[in-house]
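Peer 1: The chain contents come next:
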Amino acid sequence: MSAQVEKYTGEVSITPEELENKIIDYVKIFSALMLLTLITFAWPVFVDLDMYNLFVVQFLLAGLKAYFIVAFYMHLKAAPKLIKTIVMCAVAALLTFFFIVGIDSNMDDSPRDLFQTHKTTH
Amino acid sequence: MAEIVKDIHGNSHDVVDFNDDVYGARLGMWFFLFTELMLFGGMFIAYAVYFFDHTNDFAYAAQNMNVWLGGLNTVILLISALTIGLSVLFLKAGKVANAKSFLLTTIILSISFLTVKYFEWTAEFDHGIWPGSETLMAMSNGTNLYFGLYFTVTGLHAIHIILGIAVMIWVYRKISNGSITPKNFIVFENTALYWDYVHLVWVFAIPLFYMIGFAQVGGH
Chain A
770 MSAQVEKYTG
780 EVSITPEELE
790 NKIIDYVKIF
800 SALMLLTLIT
810 FAWPVFVDLD
820 MYNLFVVQFL
830 LAGLKAYFIV
840 AFYMHLKAAP
850 KLIKTIVMCA
860 VAALLTFFFI
870 VGIDSNMDDS
880 PRDLFQTHKT
890 TH
Chain B
43 MAEIVKDIHG
53 NSHDVVDFND
63 DVYGARLGMW
73 FFLFTELMLF
83 GGMFIAYAVY
93 FFDHTNDFAY
103 AAQNMNVWLG
113 GLNTVILLIS
123 ALTIGLSVLF
133 LKAGKVANAK
143 SFLLTTIILS
153 ISFLTVKYFE
163 WTAEFDHGIW
173 PGSETLMAMS
183 NGTNLYFGLY
193 FTVTGLHAIH
203 IILGIAVMIW
213 VYRKISNGSI
223 TPKNFIVFEN
233 TALYWDYVHL
243 VWVFAIPLFY
253 MIGFAQVGGH
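Top line first, the protein sequences correspond to chains A and B.
Taken in order, the first sequence gives residues 770 to 891; the numbers are from my numbering.
Taken in order, the second sequence gives residues 43 to 262; the numbers are from my numbering.
Since the hints were derived computationally from the structure, they do not count as laboratory data.
No experiment lies behind these values; they were computed from the predicted model shown.
There could be a bad hint or two in this list.
Cβ-Cβ distance ranges computed for the label pairs, FRET-style [unchecked claim]:
1. B:Y65 - A:S800: 30 to 38 Å
2. B:V47 - A:L804: 38 to 46 Å
3. A:I808 - B:I201: 37 to 45 Å
4. B:S182 - A:D877: 31 to 39 Å
5. A:K853 - B:N98: 16 to 24 Å
6. A:I872 - B:D63: 54 to 62 Å
7. B:M181 - A:E787: 51 to 59 Å
8. B:V47 - A:G871: 29 to 37 Å
9. A:V796 - B:M181: 21 to 29 Å
10. B:F193 - A:D877: 24 to 32 Å
11. A:T865 - B:I50: 53 to 61 Å
From the structure, some residues in chain A lie toward chain B, with a derived Cβ separation under 8 Å [stated by the list, open to error]:
12. L829
13. A835
14. A840
Note that beta-carbon positions come from the ideal geometry of N, C-alpha and C, so glycine has one too.
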């Protein structure tokens with residue numbers, strides 16, 4: 770911590786009580802994220818998983834961490850409806866891309882693939 | 043002299059300075075993050091397609107990753123997300139010195155992240171692994187794709203970290219000269235939003251590039 774004290778005497782946006790409460794909230798979220806990170810790294814070391822199950826576990830953990838970060842650190846939970854809508858649209862757009870590319874990739878080289886131009890072996 | 047406009051009911055309103063449009067600034071930042079999501083999201087889509095084509099190759103390639111260094115960087119980013127959040131809180135409460143200390147800590151943690159990444163990449167270069175290297179070209183297509191994506195995603199992420207450091211230094215200077223204050227902090231708040239996004243990308247990069255190496259896979 771800096772030894773230099775810069776005294777600010779103007780208006781502030783939050784009171785000392787609010788500051789204290791928010792610090793406690795931040796530390797709680799940090800502890801939850803740290804715990805989830807520990808599980809992320811420890812789980813595969815102690816539990817043998819095939820690729821499918823490992824992916825499911827890892828993405829559930831990552832999704833939970835993402836929720837904490839976006840909802841609390843990025844304050845989306847308390848954000849206006851318009852900002853929440855923008856974020857939902859962004860996620861929906863990305864999932865749509867994943868879905869469309871997934872279908873295309875799945876039909877690659879199948880009789881229904883309209884673009885049978887490449888790749889017959891891997 | 044303030045400009046006056048009338049609304050549809052004929053009531054007069056002062057035109058405020060658009061620099062004070064906190065809501066607009068916040069909205070603009072979220073739109074920017076939307077584009078960022080598409081940028082990294084596109085790479086994750088490419089990863090998904092190649093992963094399903096070369097699952098075993100990806101798993102074997104990921105076994106070469108140093109999970110300890112990946113884990114260390116995860117913890118560094120996690121702590122930095124806390125320190126920048128606390129810095130914004132202290133600034134809002136008028137505790138400018140504390141805010142500056144936490145921001146400085148965030149900058150130091152960011153530089154630590156890049157240092158760890160430097161050692162990680164150096165170890166891979168020492169093994170002859172970089173995009174287009176002879177060693178890598180002699181390996182399977184799946185391994186090539188994995189490392190190509192790894193260097194692209196982590197490289198682009200590192201560029202975001204470098205930009206974040208530059209912006210944080212700029213913010214630090216603005217706090218020091220009084221341009222960012224406990225009542226006028228939207229620039230700093232948006233910087234913290236950006237930093238949280240950078241953290242978020244790393245949260246998803248970890249399973250994709252490090253943790254899949256632990257999966258039990260069939261013969262190579």
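Peer 1: Tell me the numbers of any earlier hints that the structure contravenes, in ascending order.
Peer 2: Checked against the structure, the hints that fail are numbers 2, 3, 4, 5, 6, 8, 9, 11, 12 and 14, while the rest are satisfied.
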